[in-house]
Amino acid sequence: MKKPVVIIPYARSLMSLTVAESCRELAGRIVAVDSVDLTPLGFSKNCDEAAVTADCRSDPQGFIDDLVEVCGRFAGEPVVIMPVFEEMELLARERHRFPANVTIAAPEAEAIAKVTPKHKLAETISGTDIPAPATEIIGDGKSGLKEPEGFTYPFLVKPSEGAGGRGISKVESRDELDAYAAGLREKDVILAQSLAPGEDYCVSALCRKGELVICSAYTNLEQFPKEHGAGVVRETVDAAPFVEAVRRIARETGWDGIFEADFMWTGEEADTPLLIEINARFWAGVRHSKLSGVDYPRLLLEQTLFGEIRSDPGAPEIGHRSKVPMIWMPSAVTEAFSETEYAEKLSDAWEHLQTSDGSLLERVGRFLGTLGSAKSAGEAIDDIMFRLTDRSDLDIDLIAEDDPRSALGVLFIASHLARHGKLPPEISYKPMD
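In terms of my numbering, the sequence shown has 198 at position 172, counting the first letter as 1, and numbering is strictly consecutive.
The hints are simulated quantities; they were obtained by calculation from the structure and are not laboratory data. Cβ atoms here follow ideal geometry from the backbone N, Cα and C, with glycine treated the same way. The reader is advised that the hints may include incorrect statements.
Pair by pair, the computed Cβ-Cβ distance ranges are [to be verified]:
| # | residue 1 | residue 2 | range |
| --- | --- | --- | --- |
| 1 | ALA205 | GLY98 | 24 to 34 Å |
| 2 | ARG234 | VAL94 | 22 to 32 Å |
| 3 | SER337 | GLY280 | 20 to 30 Å |
| 4 | LEU247 | LYS168 | 17 to 27 Å |
| 5 | GLU149 | ASN127 | 44 to 54 Å |
| 6 | ARG55 | SER199 | 55 to 65 Å |
| 7 | ASP155 | ASP91 | 38 to 48 Å |
| 8 | LEU64 | SER337 | 18 to 28 Å |
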């Protein structure tokens with residue numbers, strides 16, 4: 027069989043680097059696609075060419091038109107489109123637009139519609155024995171929000187559409203609910219969800235025609251921002267407590283491909299993990315999943331090409347840890363000063379840290395010097411030194427060590443952080459317009 031052209035959308039995403047790295051051996055050519063150029067994948071050694079399309083969120087039909095045109099360059103060759111992020115739903119729905127030589131590595135649109143947007147998942151699992159917290163739609167950004175009927179304060183509010191924890195907030199009163207509503211866009215449909223005890227667990231799965239093929243899980247030891255942010259230090263855990271629920275989800279939806287499920291769990295054997303949401307896409311920690319033993323992108327490509335997995339699926343290494351250094355660094359800084367008077371000064375000080383010369387510890391020293399010399403700084407210094415030195419043995423969950431050019435494409439993250447004191451919306455928890 028001739029090696030396929032593998033097209034990877036959303037090439038600005040760091041997830042796309044892992045997808046390309048994993049697919050390289052099986053691919054004849056790898057094409058990076060995005061609505062912007064100069065992306066991490068575009069610079070990567072694992073990319074053969076790049077193409078610019080319309081943006082899949084602001085102009086979905088233009089995106090499909092442009093992607094069909096890109097596929098047209100490879101008439102007569104096998105082509106596989108490997109969706110990475112939120113474009114997976116669109117591509118599944120519009121797969122009829124593509125020529126016969128193009129295969130899209132995504133579940134059927136009917137399966138995705140059972141879990142996306144988020145309120146669809148609540149409808150799908152209603153009446154099943156899949157454990158989940160109470161969830162209901164309470165309004166939108168146009169008509170306002172009502173209090174949920176099924177439970178009381180405090181509870182979580184979240185947009186029905188969105189990823190990466192964006193827009194999730196815990197509200198303790200009617201005033202807090204009204205304040206949350208004031209910041210919404212008209213199109214935002216909002217869910218209320220009863221609080222689930224425990225910590226967040228990310229469970230990854232590959233399924234074949236409704237049957238679970240392989241499953242693994244990790245938890246975030248640290249995250250940034252602290253409330254509902256992206257994980258920055260991850261640890262692989264035993265997936266056994268989640269497997270039965272994931273298997274039921276696969277069967278209930280007839281899933282064929284990958285997905286990621288978020289659970290809340292206390293970690294106690296007597297307690298049942300509760301399903302929070304399903305993401306029909308790759309997950310932020312896909313590189314961590316690969317580093318810990320399960321190469322989901324490669325397995326998905328094999329399943330797409332051959333109808334089955336042909337390599338050893340591997341097994342997750344329980345206890346494996348990794349860090350995301352570019353995000354982990356400000357996480358350490360923010361966590362160290364979160365309870366002090368210095369929190370409001372972090373933005374300006376971080377810019378000095380990012381742009382100054384010298385070693386990391388020298389820059390951190392100058393960073394601390396800009397924050398004054400109050401007694402409370404002593405505890406913060408101890409904490410930040412621990413956070414900066416206690417991770418030296420962890421794998422880097424960002425880019426491959428032998429693919430340094432791809433780092434050129436993530437400079438916009440550092441630049442945005444330095445200029446604005448916050449992460450860009452692609453990797454932050456706040457809604458993206």
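Comparing the hints with the structure gives:
For ALA205 and GLY98, the Cβ-Cβ distance of about 50 Å falls outside the hinted range of 24 to 34 Å, so the restraint is violated. Restraint check, ARG234 to VAL94: a C-beta distance of roughly 27 Å satisfies the suggested window 22 to 32 Å. As the Cβ distance of SER337 to GLY280 is approximately 25 Å, the hint placing it in 20 to 30 Å holds. Checked against the hint of 17 to 27 Å, the C-beta distance between LEU247 and LYS168 comes to roughly 39 Å, which is inconsistent with it.
At roughly 36 Å, the beta-carbon separation of GLU149 and ASN127 lies outside the given 44 to 54 Å, and the hint is violated. About 56 Å separates the C-beta atoms of ARG55 and SER199, a value consistent with the hinted range of 55 to 65 Å. Between ASP155 and ASP91 the beta carbons are some 44 Å apart, a value that agrees with the proposed interval 38 to 48 Å. At about 33 Å, the beta-carbon gap between LEU64 and SER337 misses the expected band of 18 to 28 Å.
Of the hints listed earlier, those the structure fails to meet are numbers 1, 4, 5, 8, in rising order.
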